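Respectively, the protein sequence lines represent chains C and G.
Position one of the first sequence corresponds to residue 0 (numbering that gives the first Met the number 0), numbered consecutively onward.
Position one of the second sequence corresponds to residue 0 (numbering that gives the first Met the number 0), numbered consecutively onward.
Because the hints were derived from the structure by calculation, they are not lab data.
Do not take every clue at face value.
Taking lysine to aspartate or glutamate pairs in the DMTMM-like style, the calculated list, with each CA pair at most 20 Å apart, reads [claimed, not checked]:
id	chain 1	residue 1	chain 2	residue 2
1	C	K177	G	E119
2	C	K88	C	D179
3	C	K88	G	E57
4	G	K56	C	D179
5	C	K177	G	E57
Rough simulated footprint, nothing fancy, chain G against chain C, three-plus residues with beta-carbon under 8 Å [claimed, not checked]:
id	segment
6	58 to 67
7	91 to 103
8	189 to 201
Predicted model only: the values in this text are computed from it and were never measured.
The C-beta atom is built at its ideal place from N, Cα and C for all residues, glycine as well.
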Amino acid sequence: MLTAFALVGLVMGLSAVASRYLTFGRIHGSAIAVLAGLMLAWLGGTMTGGTHGLADIPMLSGIGIMGGAMLRDFGIVATAFEVDMAKAKAAGLYGALGLLIGLVLPFTIGVLVAAAYGYTDAISLTTIGAGAITYIVGPVTGAALGANSEVMAIAIAIGVLKAILVMAGTPFLAKVMKLDNSRSAMVFGGLMATTSGVSGGLAATDRRLIPYGALTATFSTGLGCLFGPSVLFLIVRAITGE
Amino acid sequence: MVIYGVALLAACTLVGALLGDMLGVALGIDANVGGVGIAMVLLIAIRLVLIRQGLLKEGVTFGIAFWGALYIPIVVAMAATQNVVGAMKAGPMVAIAAVCTVAACFGVVALLGRLGGPVETMDEMDARQRREGLPPITGPAG
Numbered sequence: 000m001l002t003a004f005a006l007v008g009l010v011m012g013l014s015a016v017a018s019r020y021l022t023f024g025r026i027h028g029s030a031i032a033v034l035a036g037l038m039l040a041w042l043g044g045t046m047t048g049g050t051h052g053l054a055d056i057p058m059l060s061g062i063g064i065m066g067g068a069m070l071r072d073f074g075i076v077a078t079a080f081e082v083d084m085a086k087a088k089a090a091g092l093y094g095a096l097g098l099l100i101g102l103v104l105p106f107t108i109g110v111l112v113a114a115a116y117g118y119t120d121a122i123s124l125t126t127i128g129a130g131a132i133t134y135i136v137g138p139v140t141g142a143a144l145g146a147n148s149e150v151m152a153i154a155i156a157i158g159v160l161k162a163i164l165v166m167a168g169t170p171f172l173a174k175v176m177k178l179d180n181s182r183s184a185m186v187f188g189g190l191m192a193t194t195s196g197v198s199g200g201l202a203a204t205d206r207r208l209i210p211y212g213a214l215t216a217t218f219s220t221g222l223g224c225l226f227g228p229s230v231l232f233l234i235v236r237a238i239t240g241e
Numbered sequence: 000m001v002i003y004g005v006a007l008l009a010a011c012t013l014v015g016a017l018l019g020d021m022l023g024v025a026l027g028i029d030a031n032v033g034g035v036g037i038a039m040v041l042l043i044a045i046r047l048v049l050i051r052q053g054l055l056k057e058g059v060t061f062g063i064a065f066w067g068a069l070y071i072p073i074v075v076a077m078a079a080t081q082n083v084v085g086a087m088k089a090g091p092m093v094a095i096a097a098v099c100t101v102a103a104c105f106g107v108v109a110l111l112g113r114l115g116g117p118v119e120t121m122d123e124m125d126a127r128q129r130r131e132g133l134p135p136i137t138g139p140a141g
């Protein structure tokens, strides 16, 4: 764990220097640090053949604790101390709208892509569509419906890749998305759904936005797990007729 | 006392996780439903109560703000433990589904951001706080 603190500190320090001298401050140091983290994860995965990135290297297993769900949730809750409640309330409706679209839109795209690749049964289509919501919703839905393990693996992979793309892409597209206020951060959180992607992407953009995005994103996974195996599955089955 | 802040944060996180699990059981799904969100709302509410009672001492704030500030390093560690190799090898279907989804969602965020009229940006919010002689709500932008 101490090795992890030192290593992450080093990565962040180098990223800050790279941000200042290589990009002249145009790309945020945090964005470079998150990208560096992803590259290190690739390196760790290639070296060990494991699935936990850098944490599979025994000496660096502490990084798995530091980046694990417990500390991640602890950190997100702490950022709530910076929330301006009036702002959050004013954006409530937009946040809810974002949540709803964040379930339906990814799901629909996931189902369509799966259908294009020749999947015809409602269980596989629903599971892959759910994977496009988050990498938790995919396997939870698949397990509830009894999907086969190949389909589950695909659903998880789509969700993981989505989280990675959101983490890496957000800082570069923040201006286009007008991601500079609490309301758009709440819409963004609900729409992207993936808590890790949202928190990583916002951290790399402007850390003041994290609590607003996280507030809505943390509800998406729960909602997805609720609607995936029920409403969404029934709709897909009604269309496929199986 | 700093530990009061850390303890308060831990208590909120635990209560949120518990309530989220219970909500999951009540809804018949094998997942935590909004546990972190519940914990956040709880902490926001307690902060307001503490301010009103004049009990929000510097130590308490520090114990919580410290973990909030460590959030970005935690995210970097999280990024370093993702299964990037697996996601990259999984084939074109996975890539197409993920890229299309993320592109569409980014597009909708951009659209919704333009629909609702102007909103105070975080920079303006901090500037207003400073004008009114209050400390900024948020930490530094970095």
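Hint check results:
1. C/K177 <-> G/E119: holds (11 Å)
2. C/K88 <-> C/D179: holds (17 Å)
3. C/K88 <-> G/E57: violated (27 Å)
4. G/K56 <-> C/D179: With a Cα-Cα distance of about 30 Å, the restraint between G/K56 and C/D179 is violated, given a limit of 20 Å.
5. C/K177 <-> G/E57: It is violated: about 34 Å lies between the C-alpha atoms, which goes past 20 Å.
6. 58 to 67: It holds: at least three residues are needed, and the segment 58 to 67 of chain C offers 5 whose Cβ sits within less than 8 Å of chain G.
7. 91 to 103: n = 5 at 8 Å, threshold three: holds.
8. 189 to 201: holds (count 6)
Of the numbered hints listed earlier, those contradicted by the structure are 3, 4, 5.
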